[in-house]
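4 protein chains.
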Amino acid sequence: MIPRYTTPDFAALWSDERRYQTWLEVELCACEAMEEAGTVPKGTAASIRGMKLDVDVARIEAIEKTTRHDVIAFLTHVEEKAGVPARWLHRGMTSSDVLDTSLAISLRDAADLLLTRCARVLSALAKRAREHQKTPMIGRSHGIFAEPITLGLAFAGHYAEIARGARRLETVRAEIAVGKIAGAVGTYAHLSPEVEARALAKLGLVAETVSTQVVARDRHASFFAALALVAASIERLATNIRHWQRSEVGEVEESFGVGQKGSSAMPHKRNPILSENLVGLARVVRASVIPALEDVALWHERDISHSSVERMIAPDATTTLGFMLERTASLVEGLVVYEDKLRKNLAAAGELYFSEAVMLALVDAGMARQEAYVVVQASAMRAWKGDGTFRDNVAADPAVTSRLDKDALTRCFDIDHALKHVPAIIARALASKGDG
Amino acid sequence: MIPRYTTPDFAALWSDERRYQTWLEVELCACEAMEEAGTVPKGTAASIRGMKLDVDVARIEAIEKTTRHDVIAFLTHVEEKAGVPARWLHRGMTSSDVLDTSLAISLRDAADLLLTRCARVLSALAKRAREHQKTPMIGRSHGIFAEPITLGLAFAGHYAEIARGARRLETVRAEIAVGKIAGAVGTYAHLSPEVEARALAKLGLVAETVSTQVVARDRHASFFAALALVAASIERLATNIRHWQRSEVGEVEESFGVGQKGSSAMPHKRNPILSENLVGLARVVRASVIPALEDVALWHERDISHSSVERMIAPDATTTLGFMLERTASLVEGLVVYEDKLRKNLAAAGELYFSEAVMLALVDAGMARQEAYVVVQASAMRAWKGDGTFRDNVAADPAVTSRLDKDALTRCFDIDHALKHVPAIIARALASKGDG
Amino acid sequence: MIPRYTTPDFAALWSDERRYQTWLEVELCACEAMEEAGTVPKGTAASIRGMKLDVDVARIEAIEKTTRHDVIAFLTHVEEKAGVPARWLHRGMTSSDVLDTSLAISLRDAADLLLTRCARVLSALAKRAREHQKTPMIGRSHGIFAEPITLGLAFAGHYAEIARGARRLETVRAEIAVGKIAGAVGTYAHLSPEVEARALAKLGLVAETVSTQVVARDRHASFFAALALVAASIERLATNIRHWQRSEVGEVEESFGVGQKGSSAMPHKRNPILSENLVGLARVVRASVIPALEDVALWHERDISHSSVERMIAPDATTTLGFMLERTASLVEGLVVYEDKLRKNLAAAGELYFSEAVMLALVDAGMARQEAYVVVQASAMRAWKGDGTFRDNVAADPAVTSRLDKDALTRCFDIDHALKHVPAIIARALASKGDG
Amino acid sequence: MIPRYTTPDFAALWSDERRYQTWLEVELCACEAMEEAGTVPKGTAASIRGMKLDVDVARIEAIEKTTRHDVIAFLTHVEEKAGVPARWLHRGMTSSDVLDTSLAISLRDAADLLLTRCARVLSALAKRAREHQKTPMIGRSHGIFAEPITLGLAFAGHYAEIARGARRLETVRAEIAVGKIAGAVGTYAHLSPEVEARALAKLGLVAETVSTQVVARDRHASFFAALALVAASIERLATNIRHWQRSEVGEVEESFGVGQKGSSAMPHKRNPILSENLVGLARVVRASVIPALEDVALWHERDISHSSVERMIAPDATTTLGFMLERTASLVEGLVVYEDKLRKNLAAAGELYFSEAVMLALVDAGMARQEAYVVVQASAMRAWKGDGTFRDNVAADPAVTSRLDKDALTRCFDIDHALKHVPAIIARALASKGDG
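Residue numbers (this note's numbering), protein chains in the order written: chain A, 1 to 436; chain B, 1001 to 1436; chain C, 2001 to 2436; chain D, 3001 to 3436.
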């Protein structure tokens, strides 16, 4: 969570001020629930709310230097500010009741910020998919020319994948929107499931099924895994853009700002640095998964080893993914497409991608598949080495012409036929909601 | 996937024989779908099915030495065995149509084997949770005595967590049960979405939304993450058992087989080796997540870098988790509980866990919380250092007795009251289905 | 690199000010080398040095908003400040010449800060090892009482391990103290190996053997792996302290500050939170290794995907490890040892740890090992279950007494004999320098 | 460690037979050392050696089913075969004395197999570096044409990096060639440092500085990190080959076997599948680092959680890296270079790579650097967009011609000058031994 990769909303979300405000809100909602249950005098929370306390971060940190305990420092500070009614706060609660419930709120809110950005990325991808649904492009497997696709199909593939990522985010948003107000070891020794349920409902959360001192950490690990999956899907998109932009391909280009400089040494360079940056950041988000999984096996009713991990990876991974999604959206929106280069590269493939059509036509005409493979490969390989075009070579091969007449052969070389299902695939993708 | 950690069902699932049988089944179902679509002569698949081909693993491997391409080697072999009708197999398909669809079947079947085992683990945990729902146990946070729980509550916590893991497995089972028969770059150039849908339906799968040459790898990464989450939850259970069994605690013990030897040097030792083993294996399953995430960003319409990874981690991670679940089930079922040690350890906590009850009673009686904290801590700390019992110390402290009479103080020391919500928590956990 | 886990020296090391100062120093040293080579007018660097430029972080960031290129923004700023002579800076250089050489300086300096802290940790461990070289302690394998060790031996083991970690840090310090001033693709097109060597020597660095645009990233990955190894060794120490402090063991305790509060709910608690914190932070440092390894395979003569990763993990991992080492040192220095609990736990092992001595004596007296094992196990198991002491049981077993007389049996129960080699082991460890 | 990626030497190294033979050898060397120390009758080991025992894997596994302890099963089997003298084996030793010392031997031998392969890879890279030291190639940063390098320089860069990897392997070979024969908790209770030193010397090992029950696991983690570093460097080489082979680049091609088939659908395809495979396998080797680091923090004097991890990752990671190195060597040896495509791509860069030379000449002629940058960028950008060549554009720009005459401008466009330092860099690389 370094300034370079932090947007203002995430900076606010993870600020000290917000954290303490959230703690206070958790305490007040718990207090209200206790008031309803009759264990705390009616009106306590309302009177504190009425004071509109300004939480003083520096003062809390000063107190914590002595107590070496952050929640006690916070409560001491609130008592300093609010006086007598504050003594009713936190009744029967343990620090983790506040901390874990607050963390649930922060992560849930982070998920919401991420989902909004996913929607923007999806919208951008959908637009580009529709725009280029019929723009032919040579497909490549292993980096080698394969058969034609369209640029829109490639965008649609990324759309479908990121839509799945967004759906996973929704799933883990629900998994993480779980708090606890269940006391030191989760037994509600001085509380009750009813107080917990009411307090959490006010906060938009539900209760952990079985708490220890803390909410179970499999939820958090699942959350970070979902972040890493979205990051990995952005990495795939960014990797493709890097390939598409490389000098020899030149099919797309990242938007280049006025005044932007590509290189201190080579003034003509326009580098896909946004995409490269996204690939790097995906590594950072991915790196949060293992520590989150290592946090699951806390000892007995909890140890605090997870805490330092989460203090770092929770802001880092969510903020970084937020930045990635924002950058991805503007990258896709602004991506410059060079249709002439798309056509030129497709032409360079020399129609070899019709080899399968010819092979299948030969099989349909009665040739054994292995034989057809050999026949077609011969013409293809000659063309590949610069000896004639593939179309001419097969047209001159008696093994072919003895089975396929000129019309039949021409039908094998029809790109519209090869791409006829593409609009339907794209439509299917854009109608998907990350399911299937 | 080493023999030591491989059960017979997973050995069979990942055998060469099964793999080639699955490939053949995919080819035959695709063939049947093409027959229905009219692109392949009716009865082709039936005639090949009638031959009840024995796929010869060694022969395929011999052919692959020349072709350096596994699917072509397989098809060549099938053509050797089945003759003319086999030439209609694989029409318009690419190798990945077979490979990825087959992998989907294998991973889906692995998920089913895992889910069955999860059910057994859950059943064992539920039984122990009910059995010990009222067996008091000292809860520990930071490894330090905290407040009482029951052993059944601990089991219920593990139950709820593994139930969430099982639910995640169900989710990724659906995510992974996705095949593709869409040709070299996913455009159905010589196929159709209808043929694909019919063929996959026969196999119990649905179609990838947008294929490249392959099914998108975010699905697989999500799958492996779900495995790692279950493994991490087992790690937590195993870690707790290791703690419970350690010499100074001695509350439970792994079942020790007749003839089993704990140590070559120390004949009396009974070590929690099953649990330690489970902790190690969790590391292995967890280690599959990062490579699976790295596999997502394939280049263009695919590269084959994911393949070698999956050849190793797919059998390894699923088989290892299968072994872990089986071992966990028998571990929980056979776990020996020493109730006397549970009682003894609880007694050793010296009722200090009632300190919060005393503190709250003082607050209810009008003392400020911070003051109550200090008062109670004084008695607690004296007891902790061996100077009197906590109960006697507070009973002798005028700061306490001036506010609480004897009855009020006695009520603070009631373990049944402290544990009164536990049966409800356990019931709630066992009724959960991994939700919430 | 969050404030909570950042010490002032690391805050300074990774500050924007320091970074730009280092960049300037690299430019000036390169300039001086070029002056010596005659490609830049003599005195250029000296005249700029004479200006004692204050680098203005905010101004550079403002310029970068337009150029979207950090080094160009920096150079533009320097030219604003220094005027004409600055035009000679960066001659023939590429941005990475500055960036990678500066990063080498930062990481080397970080290594030095870490090595100083390692020395303090080693000194603390050595002191405690000597202090407790003869303090008996029950050794535990699998958490189960095994044979006696001494507390000093345990400290010596940690000493030897962290000494190895420090030696690895020294190795990677040398690996990382490697810069490059070799131009856009490492060919010295407008530079020379001599200029590079001279400039780097001024900075205390040597030249990359073969640069691309950047220094090779295997060096950085090796660096982060070495950090993670030290972190893992701290994790082992912290894990042991957590075990030693747990309520049932109670052999050591973290120093507890005046005013420190262990729990908001349970005032008597003294939790090993420093150790738990160290365990968590080890996860964070460890998590930097995989992204660093993923950074190695840059495309062609470089892509910039590593940059965002390093902007985050370089400060994070070094700073966090710096904090860990500092905390470890004070933890070890202040650790409170409870010798009475050490004795009590040793006694609780009931001399079962002498079982091997008895077994060996029986073997020496002619019994087959397997038979001796069974004989000893019988007495041990009875004792383990509370039926007599082990010593009494073997003394009453005719299978034993028929072979060993009373004196021979007594000699088996001699703890001084069992520990006689310990001082030599400790001496060997403290004399080691991480070798062997 | 699946057959597909296992070479015979590694299959033998990790076979059950070899493992038990190594155990026996450890026991016999320890026995000999004890004979020399007088604690075991002279001639014991020699008499067992004379029997030339065939260790029966199946029998040991059958015994282990009862004992659930592998070393005890092994010893029982040896006693079955060797009779009375075998009772003297393992005297005072613990299972880990055998297991860890044997593991040290296996990993050391694996390191030797890997180092031999590294030498072959280095030899192949050196040959190609020399062969192509003057073959010009367009260098690329960010995938965009930068300045010229030579193909030999690229090979030399990989050489230098893998040489560093080999040196790191040598370092960890020394770190891991460390055994222990120190008893149950490392105190030599029934042994001595002298016996250990003698026994280990016979096995080519040295003694652990401070053992617990086991050798410290930081050594193993360091070992696996070194493997991952070599794998990452192979990944970089393989990634470059994939780029060089892609259709639009076409500068090199993996050797294509007679009969090899690139695709079941597209007969003309020649895919860089060996390189893609290497990239995938690098992920697998990398994935062993985290579990190895997680293994370090064993509890107290050891727990057995590391064992299951090492049973899987030790064979897997070493064998996979062995396969990678072998494949890399033949890949480099057989790589087909297309010099015409190298020339063609260089030409396509349109001499824009001389832009820096022009810029520097302008600066030398008195223009401010920022101004020179703008001037050159204008001509470069026009050329980049197809408006004239860069050379013609600058030659027609008065801002240039007013400062540089025709000769001065021509000197800027001299590729030999740009590459004049390359042979020296290559020579320096090939003379390096992984140092510096």
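Watch out, some of these pointers could steer you wrong.
Restricting the straight-line Cα-Cα distance to at most 20 Å, the calculated cross-link-like pairs of lysine to any residue (SDA-like) are [stated by the list, open to error]:
1. B/Lys1341 x C/Met2381
2. A/Lys344 x D/Pro3003
3. B/Lys1065 x D/Lys3341
4. A/Lys344 x D/Lys3406
5. D/Lys3344 x A/Ser330
6. D/Lys3344 x A/Gly250
7. A/Lys341 x D/Arg3382
8. D/Lys3385 x A/Tyr338
9. C/Lys2065 x A/Ser330
10. A/Lys385 x D/Lys3344
11. B/Lys1433 x B/Ala1119
12. A/Lys341 x D/Lys3344
Keep in mind the hints are simulated off the structure, nothing from the lab.
Verification of the supplied hints:
no., hint, result
1, B/Lys1341 x C/Met2381, "holds (18 Å)"
2, A/Lys344 x D/Pro3003, "violated (44 Å)"
3, B/Lys1065 x D/Lys3341, "violated (31 Å)"
4, A/Lys344 x D/Lys3406, "violated (36 Å)"
5, D/Lys3344 x A/Ser330, "violated (35 Å)"
6, D/Lys3344 x A/Gly250, "holds (16 Å)"
7, A/Lys341 x D/Arg3382, "holds (18 Å)"
8, D/Lys3385 x A/Tyr338, "holds (12 Å)"
9, C/Lys2065 x A/Ser330, "holds (16 Å)"
10, A/Lys385 x D/Lys3344, "holds (16 Å)"
11, B/Lys1433 x B/Ala1119, "holds (11 Å)"
12, A/Lys341 x D/Lys3344, "holds (17 Å)"
In summary, the numbered hints that this structure violates are 2, 3, 4 and 5.
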